[in-house]
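Number of protein chains: 4
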Amino acid sequence: MSDDHYITSEDPDHPANLIPSLCAKFWTLGWVTGTGGGCSIRNDDLVYIAPSGVQKELMKNTDIYVLALSKQTDLKNRVYLRSPPCGRPSQCTPLFLAAFTKRGAGCCIHTHSHWAVLVTLLLEAQGPGKDKLFEINNIEQIKGFGKGFQKQGNLGYHDTLRIPVIENTAHEEDLTEFLEEAMDQHPDTYAVLVRRHGVYVWGDNVHKAKTMCESLDYLFQLAVEMKQLGIPWLSDIPVTVPTSRR
Amino acid sequence: MSDDHYITSEDPDHPANLIPSLCAKFWTLGWVTGTGGGCSIRNDDLVYIAPSGVQKELMKNTDIYVLALSKQTDLKNRVYLRSPPCGRPSQCTPLFLAAFTKRGAGCCIHTHSHWAVLVTLLLEAQGPGKDKLFEINNIEQIKGFGKGFQKQGNLGYHDTLRIPVIENTAHEEDLTEFLEEAMDQHPDTYAVLVRRHGVYVWGDNVHKAKTMCESLDYLFQLAVEMKQLGIPWLSDIPVTVPTSRR
Amino acid sequence: MSDDHYITSEDPDHPANLIPSLCAKFWTLGWVTGTGGGCSIRNDDLVYIAPSGVQKELMKNTDIYVLALSKQTDLKNRVYLRSPPCGRPSQCTPLFLAAFTKRGAGCCIHTHSHWAVLVTLLLEAQGPGKDKLFEINNIEQIKGFGKGFQKQGNLGYHDTLRIPVIENTAHEEDLTEFLEEAMDQHPDTYAVLVRRHGVYVWGDNVHKAKTMCESLDYLFQLAVEMKQLGIPWLSDIPVTVPTSRR
Amino acid sequence: MSDDHYITSEDPDHPANLIPSLCAKFWTLGWVTGTGGGCSIRNDDLVYIAPSGVQKELMKNTDIYVLALSKQTDLKNRVYLRSPPCGRPSQCTPLFLAAFTKRGAGCCIHTHSHWAVLVTLLLEAQGPGKDKLFEINNIEQIKGFGKGFQKQGNLGYHDTLRIPVIENTAHEEDLTEFLEEAMDQHPDTYAVLVRRHGVYVWGDNVHKAKTMCESLDYLFQLAVEMKQLGIPWLSDIPVTVPTSRR
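Chains as they are written, first to last, in full-length UniProt numbering: chain A, 1 to 246; chain B, 1 to 246; chain C, 1 to 246; chain D, 1 to 246.
The shape of chain A in the complex, shown without the other chains:
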């Protein structure tokens, strides 16, 4: 019996349609070059994931895996409700599941954006002790981020955005333990950088994950350009208040 009903819908916002259209967009942004990177959406207890090794701008709904998520879900023993005829499950799967189970995320995006990679290389060049955290403040785009897990509202202009950096592992699945560790140490972060690899970004829903991922890529690009121009990422800017509110 076919399980195609899980991935068949005329609604463009159905996860099985949305993942391909998002991935095509991400390809034009240089985020998922050469089958790298990916995207997963959770809808209640169902998780939709693209397979490993597909050309992201050519993906179709029929390429999508569907998993059942339950309290008993073990990141290693997964229950696939639907598997595409050909293809292997993505090595990113346990990392996406970590965002869903530990943070209740509704969407998780993984990019190989070279801005993200360059930021991790620039941090690495600062030497041990200074290479585990990307920090930037006093940039308007920082307002694009939520304050943190189960908190209301967004960061402010003067707040410092902090994104932890974990070391890359030979096997992508092995990143899971370190990703979860970073989540524990930085409970409010919505993203984790992976050295020499890319970034994982999640959010309560597709809208939030995607716009935070865009904002973060904007900030990574800006950070690299600031470095090239000799401008520091952290600054001490006095608060400006209009006369009428002083």
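Simulated from the structure, these hints should not be mistaken for laboratory data. Among these hints, one or two may not hold up.
Identical copies go unnamed one by one, so any copy, or any two together, can satisfy a pair.
[To be verified] As a list, the in silico DSS-like pairs of lysine-lysine whose alpha-carbon atoms are at most 27 Å apart:
no., residue 1, residue 2
1, Lys25, Lys151
2, Lys60, Lys208
3, Lys102, Lys147
4, Lys60, Lys25
5, Lys132, Lys60
6, Lys132, Lys147
7, Lys151, Lys227
8, Lys60, Lys143
9, Lys147, Lys130
10, Lys132, Lys25
We have chain A already, so just place chains B, C and D on it with the hints.
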């Protein structure tokens, strides 16, 4: 009773159709990344504005707010003729209204272009007293700007384009007072840079606002690249006149 | 009586259709930002030109001017067979006509590409006497250029591509005299750089003008990047010959 | 009698349809600017190649050459089963055939990507003895490459990707001997850089050639940016293993 007639038209140049198509274009230019930035159009006494927090490349006419503009319009007490079913008014609203009421503009565009942000950072690095004005001259693209409010014609190749820079505030609405101050001090400018944030550009109509915004972004990019190559923004170039006109 | 038959055709390769589709493509390449730049096609004695000040990605066939070209054509006294209802003739018109009358070109493209502008700025920084000629050799893409006016074949890999640079004038029409002078001094060039402004590129037909313009922009970008990396534009590379041909 | 049946199919994945759609995509990536670069697909004993000098984003199935490949195929004496009405065979033809005959490749892509050219220039600047091999390691995207000819699996994160560099020749066909030499010396490579020219990338099929070409361009861009930021291409990174697997 529905107020959808304000935003329903088959004319692609109707403001409620034009704002979404412009914003989609701006998204591809990197101007409105991650819901940042925006665009507003005034048609006589009606003002059309996109809501806060929408993905700009996905915007629809049904997302648009419509305001009534009158001589009594208070920037804080606005009369909404039409509000989208969900969404919050944009924090840019009073800034757009300032361009409409103080300059009679027909369109105002706000971008988070990282070229604009980098220019404000480069000026900041020059220290107090030199950080409040972006100046460039002797570049052909400068001709893309009008001479100023209620003046005929455009700047010339040898003219210096001057764009004031205001400091960013924690709350975007608080920028309004400083934007108006910059308009008063630079009565001929069609744009104001906001430090570490982006730029506001306006014009008599959509065509003028959009082409000036493009020209300005071109000049900001050029300015950053000139700085990287050690070429100054201001130069003293002798006027070249053909023999036949000497 | 309407003169719309000059610009009405279902053939996508008709000049009145081709100019808009080319200009839309050039807009995405950043060549005609903010109404800058343009494109003109000659078909026997008819010349098709876009008006001044239009948004290049939105241009339509109905925007096109049609001129009659004859041996008696004076660059200043032009005979318009068809004028768009609104719009002014492009200031580039006499420059396009110069390429048609002095070189028998079939197409002329004018871009404001910032790579072109940066190349003229880098040459300017080298000081008087070294600022009037862009030269590059030993790059495969150089093969994209014809050997010169009424000559057969293309440049070779080891040949030096030379593009003259003229100074910009306050009024674009005043460039004509200098453009013609540069054509006289460099009879084989298919392009002239304009300092702090852009480049004019022409060819026997649309195909040649467009592909040479692309190749030139590629080389300008490469030249700027080479400068940033400390790599000289001219080099002395020994000729490599396979054993079988020694 | 027409030989158009070789290039007529409604299947978008037929080589005669796929080459034009791939080339249009490559044009937007800046890989085949100004008619440079190209792409060839082998299907059993049939080889499909685009002609020389076409605008790659405008190519049609009717532009395609079809060759017969047999054990007796001499790279110089080729049997054309179908030739387009106008056009010359691509000078890349013997280079594509080398990938098909010596490596059993199913697709070969040639780009003029300026990232590839810049990498060869940066290597050249390191002086003789250090200029013949591009090497990079400890970047996730390296996993996008197969281990080598007739080997199973892909490179790992810590493996060093090595791409040989050959010198450019005045005539593109003369590159063939050097390309084959590089294949002999580096039996596991899927790509060869050509100094001041570009890169040839091949794979068992279109999917593999295209995704490896994308990954390589990503790495070339990253390598240039790393050089600008003073970060070395080769590094000694300790292997990270999760606690659960120690």
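Violating hint indices (sorted, rising): 1, 5, 7 and 10
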